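Participant: Each chain, written out:
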Amino acid sequence: MADTRAHGSTAVATDGGTAAGPALLEVQDLTSSYGAVRALDGVSLRADTGRITAVLGANGAGKTTLLRTVSGLVRSSSGRVVLDGEDITSASVESMVGRGMAHVPEGRGVIAELTVHENLRVGALFRGKVEKSEYDRIYDLFPRIAERRDQPAHVLSGGERQMLVIGRALLAQPRILLLDEPSLGLAPRIVAQIFGLLRRLVDSEGLSVLLVEQNARSALSVADVGVVLNLGRVVVTDSARTLMADEDLRHAYLGF
Amino acid sequence: MQYFVNVTLTGLTEGMVYSAFALALVLIWRSTRIVNFAQGSMAAATTFIALALIQAGQSYWVALVVALLSGLVLGAIVERVVIRPVEGGPELNAVIVTLGLFVAIQAAIAIVFGSAFQSFPTPFGLEGFQVGDDRIALTPNSVWVIAAVLVTMALLVVLFRFTRIGLAMRASAFGQEVARLLGVRVGRMLTLGWALAAVVGSLAGLLIAGGEFVYPAYMDSLIVFGFVAAVLGGLDSPIGAIVGGLILGLALSYVSGYVERGSALVNVAALVILMVVLLVRPGGLFASSTARRA
Amino acid sequence: MSDLQSPTTGKNGAGTATAGKASEEAPTEATAGADEPTATRRRSLLPQSTLLRHLLVLLIAAVGAVVLLEITDPFTNSQLATLTYYAIAAGGLTVLTGMNGQISLGHGALMAVGAYTTALFLSADEPLPLPLILLAAIVTATAVGALVGVAAARLHGPYLAGATLALAVGLPGLAIYFHDVLGGEQGMRVRAPRAPEAFESFISAVSGNSATNTKWLAYLGAICLLITYFLLANLIRSRIGRTWRAVRDQEVAAELAGINLGAWRVLAFVVSAAAAGLAGGVLALVVRLAAPSGFTLVLSLALLTAIVIGGLGSLLGALLGSALLVFLPPFVTDLGTGWGLNNTEAAQLAPFVYGVVLIVAMIFAPAGFVGTLRMRWLTRQAKRSAAQPSRG
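Residue numbers (the UniProt record's numbering), protein chains in the order written: chain P, 1 to 256; chain B, 1 to 294; chain H, 1 to 392.
I should point out that these hints are in silico values taken from the structure, not numbers from a laboratory.
Computed from a predicted structure; not experimentally measured.
Hints are supplied without guarantee of correctness; some may be wrong.
Said to hold, decoys possible - Here chain B is said to cover these stretches of chain H; the calculated rule only asks that three of the stretch's residues, wherever they fall, bring their Cβ under 8 Å from a Cβ of chain B:
no. : region
1   : 149–160
2   : 204–213
3   : 293–301
4   : 347–358
Unchecked claim - Which residues of chain B face chain P? A partial, calculated answer using Cβ under 8 Å:
no. : residue
5   : 77
6   : 180
7   : 185
Just so it is clear, CB atoms sit at the ideal spot from N, CA and C, and this is done for glycine as well.
Okay, chain P solo, but in the shape it has when bound:
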């Protein structure tokens, strides 16, 4: 454990990948617990516009809790979440999307009883009336779900579901997208396709993505910055390229 922390602090000190200046999303010393189990133990990280930040770590490292705490589904016991200079630590879950944060939860969150198109419409509900062209844009991004727009969402394959929920989140016009394990259970080809699309969106539209992944290899291949979590603490934050090159770290925490 002591070794871990030493490793972590030196790595953070080098701060290879993160940008200077005010972050879009800043998580400061966040702590939260499930009952007696402390899932997050003083986690700090930042996510910037135009960048993909990947949070990596084993099962139970606190990745999902991190996202759920950021979006208010889980209440933190201490620490702050700041979005574009505004403290949103105690803001309601429902208000997050209006502030420009869209969280795609683990397990995809497709509403199986609604049609594909209705699922998309839910993403834009809070915005009031939305132009048809916005839906067309999503369908252009994901032609496979366009074919099934009037079918109930439960007929979709895993990959299509992932496309649908990302498309739905995009309809909310977020500045930052929180993605929880988008690669889970998907074929490598589909994962590459989805990550490639995320990369294009981030580069072309100045979106920020905070990605939580167990599949570290794929995530680092697309991300700008990697944050490695272990047992609720940040072990290291560095540029994705540096992390990829650090063989010891990969073996110890990322499993490849």
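On the provided structure of chain P, position chains B and H as indicated by the hints.
Facilitator: Frame of chain P; chains B and H shown alone:
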């Protein structure tokens, strides 16, 4: 033959009311996974409000509107005050809370309005239409009952299919967490769902009361019939609830029309139908693929 | 399935909660605590063996019952007779709902089965001995209960509630349908057998009070109650009781351990139906009438209230809850007439209170009042024993 037609017509009319009542149960079940056993008492309460207005000289239609509005308010209050604390908890707790409401409201009705049998008026006649030389069992009142239920159902379809608030309600019902993350005020949608269901339940209560005697427990059978109809349809499906209501209405009408002294057996018949369905097709008559319950 | 369940399970994140699971944490802990050898050793006055301990309690309770019935007036005697049949039925319901997590709104109907059976047997010209008649009431109700139980074992929560609700509303209809035999709306008058002479000499020896028929029936009820609770208490503490709790709390684990969930649920239903049958028999004797109006839905809900107040799963709780069912109505009715309500209106205050109690208990004290108190007591005990080492 004519007797058969009459029994069938009676069954369809009654079945429409069961459908409406079952629909009210299904609306709540879909959004909160709670069977609202208090639905009958709540409907009885609004019926007694209507009766009080009618006895005070107001027209049936004023009374109807006021009763439906009080159903709306009652449903919202019930969800906010007593259901919210047990939502998402152990299912037995929610069941017991709705049962508590059931008894409490029924007793409250008796305290406020008395327990005597009182006759409830109808807006239209109770004499059957003349077809050729015969009078059939279809009365102007049953036409009103059928029309009222059909219009209500059409309005619900429009609400849920074609409006943003309807979509928000469905999203809240089926994907609570996702809906919240997408900015839908799920709490409000659940309250609205209970309120709407209470309106539909109130309408069923008013329709079944028409031309009959009402007393605080007059909805006890209807809550059973509504539940049986909803279970017939799978408890999750509005269409199933409607079909289930019609099937039950017909079945019970045949029992009371063709079995000697069968009217005493109607409740028992409902029990038998329910047991058979639960044992043979627990997912309802129209269960598509997976069993919807363990 | 997970998608369908998500609206409810997502909120508390606890997965599909077994019926009544969380609500009964307290009684479970309480019994678990008492089962520990250290806990029994500390109470050195009571024997080690569960059976002996229960026999001792039975003896004390029997003496207590005699004293209670002899120092109170005839009206209270008849109230206590009422208490006995409520308590017998509530004890059975406790096994079902508290121990096994199944709900039943049909126990009023099962009581009706017992009551009508008793009334039928007593209407014979040469009636059988009373114990045999009550046994017949138990057997009949058990048979009906087994039938319902087989269906119920596959159901849970709201489905079970709805099915038993249909039973409660539907079954009394049979009495009207078969009105030639069962008396229709008017019901059947019950000829309660007279007290045996041994009873009269017993009473005159104990207290010198007059051995009225009311008193005899109260004693009869008390005897049935004591026997029922003795048997149920042993059952709860036995391996059967532990299996029931496992079926309730650890459904999946129990199934993996090779426990046939359905069979155990049916057994729980059968046991509680037997208690309800006996309760119905006693009711018929005490009220001297078996009529549909005596077995309304409100009766079933009142029983539910009794066990909820008592804290789901505790026989003592069921007894106290039943006492409330007997002594609360006259109290609130008096209160109501004091407020200017007429008699029929005031009579509705009791069910009103039942309903409010059910709601309030589920929202604020899901473990029931006895359970909540017990939990407090256990917490205090735990704190005290935790503090002890530092002191000593």
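Participant: Which of the stated hints cannot be reconciled with the structure, identified by number in ascending sequence?
Facilitator: 2 and 5
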